[in-house]
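Colleague: Here are the chains, one letter per residue:
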Amino acid sequence: MLHGVSLSVPKGSIHGIIGKSGAGKTTLIRIAGLLETPDSGSVWYEGIPRPIHTLRGRELLEARRKAGFVFQSFNLFASRTAGENVAFPLEAAGWPRAKVRSRVAELLDLVGLSDKADRPSMHLSGGEKQRVAIARALANHPAILFSDEATSALDPETTRSVLDLIRSLRQMLGLTVIMVTHQMEVVRRICDTVSVIEGGHIVEQGLVSEVFTIPRSDAAKAFLKEDRDD
Amino acid sequence: MIDAINLLIQPLGQTLLMIVVSTLVATIFGGGLGVLLFALSNEHFAGGHKGALIAKHVADRLINMLRSFPYVILMVLVLPLSRLIVGTSLGTIAAIVPLSIAAIPFLARIVESSLSEIDSGVIDAAISCAASKRRIVFAILIPEALPSLISGLTLTMISLLGYSAMAGVIGGGGLGDLAIRYGYQRFRGDVMAVAVIAIIVLVELIQFAGSALANRIKSSR
Chain A
629 MLHGVSLSVP KGSIHGIIGK SGAGKTTLIR IAGLLETPDS GSVWYEGIPR PIHTLRGREL
689 LEARRKAGFV FQSFNLFASR TAGENVAFPL EAAGWPRAKV RSRVAELLDL VGLSDKADRP
749 SMHLSGGEKQ RVAIARALAN HPAILFSDEA TSALDPETTR SVLDLIRSLR QMLGLTVIMV
809 THQMEVVRRI CDTVSVIEGG HIVEQGLVSE VFTIPRSDAA KAFLKEDRDD
Chain B
286 MIDAINLLIQ PLGQTLLMIV VSTLVATIFG GGLGVLLFAL SNEHFAGGHK GALIAKHVAD
346 RLINMLRSFP YVILMVLVLP LSRLIVGTSL GTIAAIVPLS IAAIPFLARI VESSLSEIDS
406 GVIDAAISCA ASKRRIVFAI LIPEALPSLI SGLTLTMISL LGYSAMAGVI GGGGLGDLAI
466 RYGYQRFRGD VMAVAVIAII VLVELIQFAG SALANRIKSS R
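Protein chains in written order, with this note's numbering: chain A, 629 to 858; chain B, 286 to 506.
It is worth saying that the hints were derived from the structure and are not from the lab.
Bear in mind the structure is a predicted one, so any value in this text is a computation, not a measurement.
All clues given are correct.
25 Å max Cα-Cα, derived SDA-like pairs, lysine to any residue: (1) K418/B <-> R684/A; (2) K503/B <-> A745/A; (3) K335/B <-> L689/A; (4) K694/A <-> R420/B; (5) K335/B <-> P679/A; (6) K694/A <-> E328/B; (7) K418/B <-> W723/A; (8) K853/A <-> E813/A.
My request is simple: use the sequences and hints to build the entire structure.
Modeller: Below, the structure written as structure tokens:
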């Protein structure tokens with residue numbers, strides 16, 4: 629589905645991947661975030677000397693710890709409370725119980741949900757669920773945060789607050805963020821650079837300020853027009 | 286009637302012994318097999334690999350074959366196996382072997398389908414948390430599917446109760462045997478009634494306990 633896609637994202641920046649549904653953006657981020665294996669081609673993370681999809685076993689788990697992933701449908705574990713959701717990646721990394729507890733408190737505080745630790749995860753609002761998911765994704769101090777339409781299921785106000793949270797976390801933690809979206813607002817509000825993807829190809833790439841001031845591709849023009857119409 | 290109730294005690298114990306032990310055996314082996322079946326076809330586990338495809342195919346054929354045997358036939362066919370495992374091919378203990386063998390593929394299918402119903406996004410999330418496959422199964426998948434697994438286990442126990450009624454064929458006793466030998470063959474209508482009522486009460490109790498437990502877990506979420 630993806631052909632000849634090349635994407636490199638500088639450390640500490642927020643990169644948007646925008647495209648219509650079926651353009652291949654989700655496949656791209658799932659490959660970059662180690663959820664899918666590409667048929668050909670390679671993905672590299674800084675500090676890992678080999679393409680990540682050639683890794684196995686412990687090395688693969690270590691590479692995954694460099695990447696946090698948040699999803700459109702939050703994908704919280706219903707069998708766990710908010711705090712236990714955040715604890716899972718720490719348990720998996722073999723943290724001792726006491727350290728898990730303090731790290732979970734720290735993470736929930738970071739996303740503004742200190743008081744919700746013991747709430748069953750299905751009793752949270754959409755925005756709260758995504759905040760818990762972000763805390764869970766950041767638990768193991770990843771270098772990269774992948775977001776696959778993380779705000780698409782949220783109302784406009786919650787969308788803005790989650791985007792602002794991601795921006796401030798980037799600042800605070802020096803994260804690199806890669807976000808897939810079909811919403812211009814997401815790109816405009818927090819992205820530094822953007823790739824426009826269409827039919828499995830990246831048709832335009834560059835600074836958000838440039839791409840959406842002088843769009844060259846039809847896809848970018850269409851997004852800009854849609855945005856003006858809104 | 287008092288006599289009929291007295292006659293009930295030993296067969297009731299035999300029935301309980303048969304279904305409890307065979308459920309335990311099925312939970313361990315059938316549960317494990319169910320997890321394996323799920324893992325062989327899930328893309329995040331072994332799914333898609335050639336070896337997994339073949340293994341799944343073989344396992345499917347074997348399970349379907351075991352499940353298609355009429356239980357009475359299966360019971361007789363595994364007699365030599367019973368002798369091998371429990372040292373005898375007659376009696377209540379011997380009857381546990383075919384019951385377990387019938388329950389293992391049954392429960393395996395139930396576990397496989399319960400796990401397959403978990404939202405694939407939840408599995409994506411567990412994978413991205415950098416957990417080992419084993420941890421994902423035990424700390425996420427089984428807890429996520431727990432209400433449905435408990436319903437499946439309830440279903441298995443009730444089927445086993447039905448199967449255990451045939452244990453009399455190999456001298457396993459139990460409530461079904463009581464109903465046939467006393468109730469039917471010796472024209473003791475009262476014994477037949479008491480045995481059948483005992484079976485109905487057992488089914489109700491198992492179903493009640495299973496549903497209550499599953500609902501309690503669901504409502505705590």
